[in-house]
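> Those protein sequence lines, which keep their order, are chains A and B.
Basically my numbering = 1-based index in the first sequence + 417.
Basically my numbering = 1-based index in the second sequence + 13.
No false leads were mixed into what you were given.
A short, non-exhaustive set of chain A residues, derived as facing chain B with CB atoms under 8 angstroms: (1) S1026; (2) H1028; (3) A1033; (4) L1037.
Covered by chain A, per the in silico footprint, the following chain B stretches (three or more residues, Cβ under 8 angstroms): (5) 27-37; (6) 100-114.
Heads up, incomplete: computed chain A residues facing chain B, CB under 7 angstroms, no partners named: (7) Q1025; (8) G1027; (9) Q1030.
Please keep in mind that the hints were generated in silico from the structure rather than gathered at the bench.
We put the beta carbon where it would ideally sit given N, CA and C, even for glycine.
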Amino acid sequence: MKFTIFILLLPAFSFLLLALAGKRMKPAVAGGIGTAVSGIVTVLSCMTAFLYFGAPRLQDGTHAVLIPYNATWLPFTETLHIDMGILLDPISVMMLIVISTVSLMVHIYSFGYMKGEKGFQRYYAFLSLFTMSMLGLVVATNIFQMYAFWELVGVSSYLLIGFYYTRPAAIAASKKAFIVTRFADLGFLIGILVYGYYAGTYSFRPDMVALMSGGVAMLPLALGLMFVGGAGKSAMFPLHIWLPDAMEGPTPVSALIHAATMVVAGVYLVARMFPLYIGFAPGVLEAIGWTGAFTSLFAAVIACVQTDIKRVLAFSTISQIGFMITSLGVCTSLDPQQGGLGYMASMFHLFTHAMFKALLFLGAGSIIHAVHSNEMSKMGGLHKYMPVTHIVFLIACLSIAGIPVFSGFFSKDEILTACFGYSPLMGWFMTGVAAITAFYMFRLYFQIFWGRNPRYDHTPHESPATMTFPLVFLAAATCMAGFIPFGDFISSNGTAYHIHIDKITAAASIAAALMAIGLAALKYARTGPILPCGDDLPDSARGLFPALHKAASHRFYIDEIYQFITHKIIFACISRPIAWIDRHIVDGFFNALGWTALITGEEIRPMQSGHIQQYAIWFLGGALAITVLLLLI
Amino acid sequence: MNIPMEYYLAVSTIMMFAGIYGFLTRRNLLAMLISVELMLNSVDINFAVFNRFLFPGELEGFFFTVFAIGVSAAETAIAIAILINIYRNMRNIQVENINELNG
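Extracted from the complex, chain B is given alone in its bound form:
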């Protein structure tokens, strides 16, 4: 059974735009963070797929995927730490309330 490459790409594209849509529309910072993760993971899928189908026998794409997963883990940790601090200061994490840094 051979699934063509386009199928994978379709899934990753759907994930990407779902992430973008979520990032732009959700009002909760935690949900926005989850959307960001969704986008990252769609990119990871792309890396793996391109490596698997276009350059079989090489490993760069997989490595990138592993790196990206590591980076996203770190980023999540920091983002959640920030969110906790925001919550402590403002007692909520609704994004429309956080506009201190305006011009």
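If we strip away everything but chain A, and leave its shape as in the complex, we get:
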């Protein structure tokens, strides 16, 4: 498995090449280099997966954990050292596949989508940087390496959101994303330090004996703080505010970073530390589960009333990540047969979600490319003009809604089963959220592809092949991913687990989803003349709960609350008085010192007359005075 190092080195090399020499290349050459490297990385990742899962299992039925590379980078003590290396275990190999595949598709897609953009080479350089960082994050051998790459993905996300740096909205969004996630990462860092101090190691599998003698009591705190970092990256409530704004970036970037890979880093983090959560902090895990459940409902409700196609998808991403987090949170043991099913379900959903959400975003990009607007009110009836996009978008919508045969059904069903295993309340709650998911996705679908047909300035057309190929590929993946015997590869304790569909749960969720789709079809699929302005969005919820509708369309005022807390409380009541003290008291003291020295100097300056004999008299006088003094004493 020595070749796995190239999975990291190749994108790093391509980033350096494109960043340093990209300007001198033709755009097509730069894009070609990025795409070729991404392709090689995909092939290597598939090879890794093939060799890894193809190898015979160990005695206890698990897959061996391989560490092909590990270099001690910063040794602190005998056991406490920061390493840089590559760790292969079932979840990291699965993530390699997800990241490299989606990244390759986005690379190809961007050829068409970003064609003719200023900074095309820079765009591909950043994509390479992101791919490298994300791959480094998942293969990290210890939590500190993970943290380093974690920050790197944050930087690349920042750079790509602010890609259109002449647009103020994009700059504000990139800053917001960076600051919010960085703020959350502070929790992550403190968690890592607490963990390192009490466990005496940064590795994912601490020595149990050392841990017992150390501070087991502090582990829940450490793990809780780590989840704060994960919640920031994965846009959990109340740290989700950056993700909807991040949609200012180019759409393929949203597909890669803000839908499929980076935002699931928090899920991956919890999965990575899962044995510790189960063993030492079940309370924290439960809290994580409820955070995820609340976030998924919260985001789903907001998604129902958004009018910007990418914002709907952004909130849907938040909601779906909420599903994954919930699924991890409802685990009660390491055994997948009893209480540990959620781990597998979460990873499964991560896998399928990456495929169908990337497909949704790329499909949305294709639509935006054709219509030149993000607003759903400017779209409608597009099934006539864009048949390929229409079909793949429908597949993705069916998948996320949880309709059988498509991959989302299988993973979501496992999640719901896990939730029902935890408590019926959680199970029904998540089933309800799944129904809302189906509703808003089909609201989106019907408004775009059916519904009323607005007057287009020019007839929309199907996107070029560079854009439709990734769509078709991902649609095929979405159709087939559900049939992967995922439990054979990944489960909470590593042994093979055979997925079986729980019939009652499945029936309930399918029924709920179909009802939701029917409702959406009833509301949004009608064709007819454009209604007068103001009633542009026929929304039954507005009539029933006007307050709820208003609050949801303002995203429940979370941004306003943040604005209030930062500006009215922190800036006005804390920062401004401190700034005043700094400016007037601290600065004033040192200014006074300076002035005193200046004035004293001005006063005694004439004593230095330049007449040498005057100096001599003073000198003589002084010498005499000292002599007299010495004589007297």
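Chain A is fixed; fit chain B onto it per the hints.
Coordinates of chain B only, in the frame set by chain A:
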């Protein structure tokens, strides 16, 4: 014939104060330089006298005297070089005219 030590010291003291007085009152730099030499020489006399009367048979005082003479010779050379340069620039060497370095 034995001259007591105090006689020598009286001479050297007179020389010292004559030098100080000259240094403070003369306006010509050259005269001030001569006053400085006078002070140095009075100190040389002191060294020699103390060595001769208090520590007969030792030589440190005489050595110091020789050193001081050497140093004063060097110092005079430099001082005169400076004086010549001052004269070239200012066309006189009256000390009250030289107060460029005032505060």
